[in-house]
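Asker: All chains should be modelled from the sequences, with the hints used to inform the complete structure.
First to last, the sequence lines map onto chains A and B. Quick note, the first sequence lines up with residues 13 to 325 if you use this note's numbering. Quick note, the second sequence lines up with residues 15 to 263 if you use this note's numbering.
To be clear, the hints were calculated from the coordinates, so they are not data collected in a lab. Among the hints, a few may not be true.
[To be verified] Cross-link-like lysine-lysine pairs, in silico, BS3-like; alpha carbons within 27 Å at most: (1) B:K181 - A:K22; (2) B:K181 - A:K301; (3) A:K301 - A:K319; (4) B:K255 - B:K241; (5) A:K319 - B:K261; (6) B:K181 - A:K75; (7) B:K261 - A:K313; (8) B:K68 - B:K30; (9) A:K286 - B:K241; (10) B:K116 - A:K286; (11) B:K245 - A:K232; (12) A:K190 - B:K181; (13) A:K62 - A:K176; (14) B:K233 - B:K64; (15) A:K22 - A:K62; (16) A:K22 - A:K190; (17) B:K116 - A:K190; (18) B:K255 - A:K286; (19) B:K233 - A:K319; (20) A:K38 - B:K230; (21) A:K232 - A:K286; (22) A:K38 - B:K233; (23) B:K113 - B:K16; (24) B:K30 - A:K301; (25) B:K230 - B:K30; (26) B:K116 - A:K208; (27) B:K245 - A:K301; (28) B:K30 - A:K190; (29) B:K261 - A:K224; (30) A:K286 - B:K257; (31) A:K68 - A:K176; (32) A:K301 - B:K34; (33) A:K224 - A:K313; (34) B:K241 - A:K301; (35) A:K176 - A:K190; (36) B:K68 - A:K319; (37) A:K208 - A:K38; (38) A:K319 - A:K208.
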Amino acid sequence: MSTLIFFEHKNDNISIASLHAVTAAKQIGGDVVALIAGSSCTPAAEAAAKVPYVSKVIKIDSKEYEHLMPENLAILIARIAANSYSHVLAAATSMGKNIMPRVAALLDVAQVSEIVEVINENTFVRPIYAGNALATVQSLDAIKVVTVRSTNFDAVATTGGSAKIENNNGEGDTGLSKFVSTQQSNVDRPDLLSAKVIVSGGRGMQNGANFKMLEEIADKLGGAVGATRAAVDAGFLSNEYQIGQTGKVVAPDLYIAVGISGAIQHLAGMKNSKVIVAINNDEDAPIFKIADYCLVGDLFKVLPELKASLDNL
Amino acid sequence: MKVIVSVKRVVNHNVKIRIKADQSGVDLTNVKMSMNPFDEIAVEEAIRLKEAGKASEIIAVSIGPIQAQETIRTALAMGADRGIHVINDIEIEPITIAKILKSIVEKINSTICFFGKQAIDDDCNQTGQMLSALLGWSQATFVSRIEINDNEVTVNREIDGGLETIKVNTPVVITTDLRLNEPRFVSLPNIIKAKKKTIDQIMLSDLGINLSSHLKTIKVVEPPERKSGIKVANVCELLSKLKNEAKVI
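Answerer: Here it is in structure tokens:
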């Protein structure tokens, strides 16, 4: 039994999300092999070789993998997986979600999406209906393609391992798609998926400009800013801030929900947070049913007070 | 240019689901069903392409029980031209759905297939990518902007840290994200008009596709409930609790 993990990277470093997938692979059991496909990706391969539990790194250094386009990568991953692997894993990030179903289809197997628990080598638990139900599913396929929800598996360390790096060949460019650019936002604050503190706003914030108040508090706490789908739909913030069933799933140490009523779709994305604080003027808001600390009040009065108190802390 | 839109009938997003007592799944009896919200965005985008003169015909396809016809009718009322209903009562997985759709795409010879990025019942987020792989097409997932010029489509994709812009060749599978558009409301005259549009019915068994299962559901249970917490009177008390009790700041 051996697991191939598609490691996300930016050629010169590896992504933290993949370190969570290593923990899931470890729980499945057997050998853990990291696949690094990129262009001038030796630094990423060397970083992957230092990750504990990784016994081998397969490096494919070829121009067609520079931007990790799914059409090129899926052919490569499927070819390598078909040889000698029982499992193919990736973190359930936007990249993992983009690539892995394509790999599964080429292998003619199902994908088990966003697992939250490993029961045994072929049985996994995954949330359905926005996390309002948990399904235990058994894969009947010879190769199990699985994406891993990072918040439910701890990240392994970045040092301690000493895997050998093996070179492999690319499959050439399919020419089906071409990378143009990325527009990264939110560069000054921690990423939502790794932030220890998240200050999140809903429709109660009334407009995008008011999110400034949340940003100030997030900055005081070294945290990130999030939003509900309602706030994103209303145009207060862009989509990458969205937390919930169809956005990001987060589990920080502290989640401060401001002006958020608590729709089930939003709760699906944050209810595994360690400590939840809710600030809302409606004391019947569903968010209060799952919050650890409930502050009933007008957020436009509470937030300035909170900011001032944090200044003095 | 023909455009296929895949639409799925799912439990309405406002319904609080009930799990069956025998843990075999979610109880769907007498539950309000609707078109998957992301599929509505997909239908809307296809219609806008037609209105812009870029698409010639929009075909809405659904695979499911007899009632899935209502979902196709909704797409027709929004503006799709005709429907295809693959009648099926057994539970099938995304990989099998993708194979069924592949056989339909090949018959119709469509240039673009639109999907919602994920269905809000099984939350799989797979079928579009799988169909694209089976056809050997390009894929553009989680798309929030589309621009079509001849055989090249430029899209913005919602990715974890922001946006990605890519160019893909046609034919292409596109899966839609929230910000792509706001689906139109269906008017009564259009609902009546939609009743006259054709829906071709195909029996799943006639397509000759291997329907064997890849996955077995062992059980479906409710998630553990989070205990409700305590009320704090003011900011001062909140910060004191966070600092001394929860120790998170």
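Asker: Are the hints correct? Go through all of them and say.
Answerer: Each hint, compared with the structure:
no.	hint	verdict
1	B:K181 - A:K22	20 Å, holds
2	B:K181 - A:K301	46 Å, violated
3	A:K301 - A:K319	25 Å, holds
4	B:K255 - B:K241	17 Å, holds
5	A:K319 - B:K261	19 Å, holds
6	B:K181 - A:K75	17 Å, holds
7	B:K261 - A:K313	25 Å, holds
8	B:K68 - B:K30	40 Å, violated
9	A:K286 - B:K241	12 Å, holds
10	B:K116 - A:K286	44 Å, violated
11	B:K245 - A:K232	24 Å, holds
12	A:K190 - B:K181	5 Å, holds
13	A:K62 - A:K176	9 Å, holds
14	B:K233 - B:K64	44 Å, violated
15	A:K22 - A:K62	16 Å, holds
16	A:K22 - A:K190	17 Å, holds
17	B:K116 - A:K190	24 Å, holds
18	B:K255 - A:K286	14 Å, holds
19	B:K233 - A:K319	47 Å, violated
20	A:K38 - B:K230	23 Å, holds
21	A:K232 - A:K286	19 Å, holds
22	A:K38 - B:K233	24 Å, holds
23	B:K113 - B:K16	19 Å, holds
24	B:K30 - A:K301	16 Å, holds
25	B:K230 - B:K30	25 Å, holds
26	B:K116 - A:K208	44 Å, violated
27	B:K245 - A:K301	11 Å, holds
28	B:K30 - A:K190	42 Å, violated
29	B:K261 - A:K224	26 Å, holds
30	A:K286 - B:K257	14 Å, holds
31	A:K68 - A:K176	5 Å, holds
32	A:K301 - B:K34	24 Å, holds
33	A:K224 - A:K313	14 Å, holds
34	B:K241 - A:K301	8 Å, holds
35	A:K176 - A:K190	32 Å, violated
36	B:K68 - A:K319	52 Å, violated
37	A:K208 - A:K38	25 Å, holds
38	A:K319 - A:K208	18 Å, holds
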